Amino acid sequence: MQSAQTTFENIRKDFPILKRTVRDNKPLVYLDNASTTQKPTQVIEAITDYYKNHNANIHRAVYALAEEATELYEKTRDKVADFINISNREEIIFVRGTTEAINLVAYAWGRTHVKEGDIIVTTEYEHHSNIVPWQLLTQEKGAKLEYIGMDDNGELILEDLDKLLGTGKVKLVTFSLMSNVLGTISDADKIIAKCKAAGVFTLIDGAQAIPHMKVDIEKLDCDFFAFSGHKMLGPTGIGILWVRKSILETMKPFHGGGDMIREVHKYETTWNDLPYKFEAGTPNIADVVGLGAAIDYLSKIGMDNIRQHEIELTSYAIDKLSDVKGLHIYGTKDISKRGGVISFNFADVHPHDVAQIIDEEGIAIRSGHHCAQVLMERLDVSATSRASFYIYNTKEEIDKLINSLNKVAKVFKL
Amino acid sequence: MSNADIYHEMIIDYSRNPINYGKIEDHDVTFHDSNPLCGDSIDIDMKIDNDKITDIKFHGKGCAICMACSSVLTEIAKGKNIDDVRNISKNDVLGELGLENLQAVRIKCALLSLKVLKFALYSYLGKHLKNSQDVDKLKEEATSLY
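Residue numbers (our numbering), protein chains in the order written: chain A, 1 to 414; chain B, 1 to 146.
Derived from the structure by calculation, the hints contain no laboratory data. Misleading hints may appear alongside valid ones.
Unchecked claim - Using 16 Å as the maximum straight-line C-alpha spacing, the simulated EDC-like pairs for lysine to aspartate or glutamate come out as follows:
#1 A/Lys407 <-> B/Asp5
#2 A/Lys410 <-> B/Asp13
#3 A/Lys407 <-> B/Glu9
#4 A/Lys410 <-> B/Asp5
#5 A/Lys413 <-> B/Glu9
#6 B/Lys61 <-> A/Glu377
#7 B/Lys61 <-> A/Asp189
Because the structure is a prediction, the values reported are computed rather than measured.
Sequences and hints are given; from them, build the entire structure.
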């Protein structure tokens with residue numbers, strides 16, 4: 001077994017894209033991992049191997065290729081189940097990503113169970129994908145959307161949740177396990193315990209958390225969990241929705257079509273078993289296989305080692321950034337409560353200008369509202385700059401980020 | 001042009017000290033728009049007298065490019081007849097700041113205020129002009145700016 005230290009030193013070799021240069025022959029410093037991560041050779045090869053050697057449609061044909069493709073596809077379902085600690089593989093639904101997963105719940109669960117006057121609760125630091133589907137649903141049903149507020153430290157104000165649960169009208173509380181802007185790790189245990197006591201379902205947007213820390217869904221004891229493959233070294237266009245079976249059984253289908261049916265007659269249809277009832281049409285088989293390879297890769301390193309590596313990078317970055325005159329970091333500085341996502345503003349320079357100037361140095365960070373305009377309003381800013389880390393990032397790259405900020409200061413005469 | 005070269009003296013100055021920044025309380029027309037992807041947001045207020053833009057101000061939030069272009073655009077439009085302002089082109093604004101080769105992803109920052117101005121005129125002319133075909137052309141221009 002390799003030590004964690006050696007593992008992280010060798011990791012960069014697995015990522016072909018990290019060898020390239022950008023702009024004026026500058027080595028790429030990729031710090032936009034909250035948006036999407038780069039892919040290791042192991043994932044890229046799993047996808048090409050699938051297309052080169054095993055490609056066929058799954059679940060029905062009897063020939064050899066179809067059998068292999070089906071096995072590869074279903075094997076990934078088992079890998080996912082292991083990865084998030086779920087004992088029942090029927091509860092795992094392949095979707096396009098977190099956005100589709102949440103929309104599936106809003107549509108297939110929400111339309112059946114949410115009535116006029118009910119309340120759906122989300123939070124002020126959600127991504128648009130955990131706000132807009134609930135606006136659509138509550139507006140259609142004459143229900144209400146309410147928010148758990150955020151304090152100045154970037155943490156959720158759980159008294160807001162208590163008040164809302166006290167109305168007796170809340171049907172679902174939905175929140176991200178880690179904020180995509182502030183990196184705040186929500187106190188999921190507390191939120192879920194409160195909701196359980198009130199008999200209210202919980203949905204967790206795990207898109208930011210799952211690539212960066214060990215997540216044990218059985219222990220969390222939530223009711224819905226959504227995440228994406230592309231933020232955890234996997235391909236784009238593939239994600240997971242996990243739903244507790246007792247709830248899945250009460251949900252109507254999301255999409256109608258092939259594979260989700262048992263029998264189709266002229267005017268009526270019966271549904272396939274779980275989870276296939278929710279996987280209409282030919283799925284994204286190759287990328288499911290790619291996701292399986294990503295899970296293998298992450299599991300080999302170990303999620304606790306990954307979290308430790310990011311804690312080191314993040315505290316190093318927070319220290320260094322705090323020394324930059326005029327730079328303001330948003331959110332908590334308590335490293336135990338945040339992941340490797342740092343949003344900041346640099347004096348009066350607009351984040352787009354910051355991002356563009358440091359791009360000349362090969363540094364890729366994100367600027368803008370990060371699909372979290374409700375949070376931007378709460379912070380009273382139009383945008384932030386955001387650096388976010390992953391397993392292949394190094395302290396040297398953070399030094400480069402800091403140096404490039406000096407260039408911004410020079411251009412803008414700070 | 002290297003992408004960093006866009007941050008020359010004039011852009012930085014305009015972004016720090018924008019011209020015609022503010023509101024006109026008794027405006028004859030006002031319009032607001034934003035860029036959904038980056039969140040830049042601009043309002044333009046105008047006083048119009050005898051088909052002439054007698055005063056124009058903008059306010060909002062945006063990057064240095066957006067602020068500089070809004071300054072330049074309002075400076076070009078001020079005191080001109082509506083017909084001349086209608087004909088202000090992308091390159092009139094970009095050229096003034098040497099941004100003709102601005103990369104595609106930043107064009108929307110540079111031209112947001114021009115889009116707002118064209119929509120403001122469209123909204124004003126819609127109320128004051130009879131030739132609706134002519135007015136619709138302006139809307140189309142504004143919509144397809146970037």
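Results for each hint:
As the CA atoms of A/Lys407 and B/Asp5 are separated by approximately 13 Å, the hinted pair is consistent with the 16 Å bound. Note on A/Lys410 and B/Asp13: the hinted pairing holds, with a Cα-Cα distance of about 14 Å set against a maximum of 16 Å. Taken as a hint, the A/Lys407 and B/Glu9 pair is honoured in the structure, with Cα atoms around 15 Å apart against an allowance of 16 Å. Under the criterion of a C-alpha separation no larger than 16 Å, the hint pairing A/Lys410 with B/Asp5 is consistent with the structure, at around 13 Å.
This hinted pair checks out: A/Lys413 and B/Glu9 have alpha carbons roughly 10 Å apart, not beyond 16 Å. Distance check on the hinted pair: B/Lys61 and A/Glu377 sit about 13 Å apart at the alpha-carbon level, within 16 Å; holds. As the CA atoms of B/Lys61 and A/Asp189 are separated by approximately 39 Å, the hinted pair breaks the 16 Å bound.
When the structure is compared with the earlier hints, a violation turns up for hint 7 alone.
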